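Turn these sequences into a full structure, and let the hints guide you.
So the protein lines, in turn, are chains A and B. Position in the first sequence (first residue = 1) + 7 = the working numbering. Position in the second sequence (first residue = 1) + 44 = the working numbering.
No lab work stands behind these hints: they were computed from the structure. One or more of the hints may lead you astray.
Simulated pairs of lysine to any residue, SDA-like, Cα-Cα distance not exceeding 20 Å [to be verified]:
no.: 1; chain 1: B; residue 1: Lys180; chain 2: A; residue 2: Tyr95
no.: 2; chain 1: B; residue 1: Lys180; chain 2: A; residue 2: Glu98
no.: 3; chain 1: B; residue 1: Lys180; chain 2: A; residue 2: Val81
no.: 4; chain 1: B; residue 1: Lys180; chain 2: A; residue 2: Cys67
no.: 5; chain 1: B; residue 1: Lys180; chain 2: B; residue 2: Tyr118
no.: 6; chain 1: B; residue 1: Lys180; chain 2: A; residue 2: Arg76
What you are looking at is a predicted structure, and each value in this text was computed from that prediction instead of being measured.
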Amino acid sequence: MNHTFRRFATGISLLFLLLAIFLLATVPAAAQEPVSDDEVNEIARNLYCPTCENTPLDACPTQACQDWRDEIRVQLSEGRTRQEIEQYFVERHGARVLAQPRFEGFDMLVWILPILAVVVGGFIFWRYLRDLRAPGSEADERLGDDTAMMAQGSAQKPPPAPDEDDYISRIEKEVREE
Amino acid sequence: MNEPLSTTMAPTTETEQPVETGTGGGVRWGPILVWGGVAALLLVLGWGLLNANATRPEAGNPAPSFELQFFDGYGWKDLPAGSLEDMRGNVVVLNFWASWCVECHLEAELLEDAWRRYRDQGVIFVGVAYVDSDAKSLAYMEDYNITYPNGPDRASTISDRYRITGVPETFFIAKDGTIADVVVGPVNASSLDRQIAQLLSQ
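Next up, the structure:
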């Protein structure tokens, strides 16, 4: 009985040992699962290397950009997130490496100015339309003033001077005689 | 004859209103804000344009100041960081490089050799790794047995100030802090020796 138990215990121990070896062998393999190109390019397409203007990192053929992609691959394999990787490149090479400027500091202007321009432009246009339509508006007042001035001008136009009148009569007479 | 004309002009002057005041007599903020915004936008655009058109500081100009965090083991006087002001009184050879730059490999040994010859004569070589990963920069320096002070250009601040257009670029800075010469591309032994000798004699 004692002998049987000893054999059973040895068998169980061997089983656990094999299981442990199996786990030790598989866990690191799972952790070191290769990072695919798609995963690298997903992050790379939002970065720009300063040496290659206007070419996103995922499409840039230079060695510098290849090094950056390798760096992304290494960091992804270490389990870093997209934000952490982007922050890493910003700290090293400046915020200009980002395809989309962040909503902070001076870069905020890039986001705010276009919206502001549309809002202010829309407001100016709306006021212009309102002034055109509304009776008694500034535009109408201006127009009214001009009309009034013209009317006033013609109403107050003095009668032709007597000298002028004689002169015109003489010319008309001469024309008739001819 | 002029009298009627002056009569017709009179209402025009009456209709002219001060731009600053509205119907309630208060300040009209609308036009002020719009023109203020336009002026601010033009200022930003102008500043950007000036910045974009700024060129590399050339010989005779003061060298832009910088502070460089050195790589471990590549410091100057065992300091973790050094600035151009700290080095004033020495001839400074400021070299921008990168491990991925093919032409930088051509001058690497030359620069190290010159550093070893001139280091005790008041000449400081400073390497600035441009757009490079730290691991590759360190491997490059080990490959070429580089010993002169070197550091990464964090956030590209130094290369921005010197307006470099690529690597390698080397600035020769006189003892008084003015730029004596700029070499775009790899330096050669004769010009390196000639330039350093000239600066040491000043």
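Against the structure, the hints:
no.	hint	result
1	B/Lys180 / A/Tyr95	16 Å, holds
2	B/Lys180 / A/Glu98	17 Å, holds
3	B/Lys180 / A/Val81	13 Å, holds
4	B/Lys180 / A/Cys67	19 Å, holds
5	B/Lys180 / B/Tyr118	15 Å, holds
6	B/Lys180 / A/Arg76	13 Å, holds
Consistency with the previously given hints is maintained throughout, with no hint failing.
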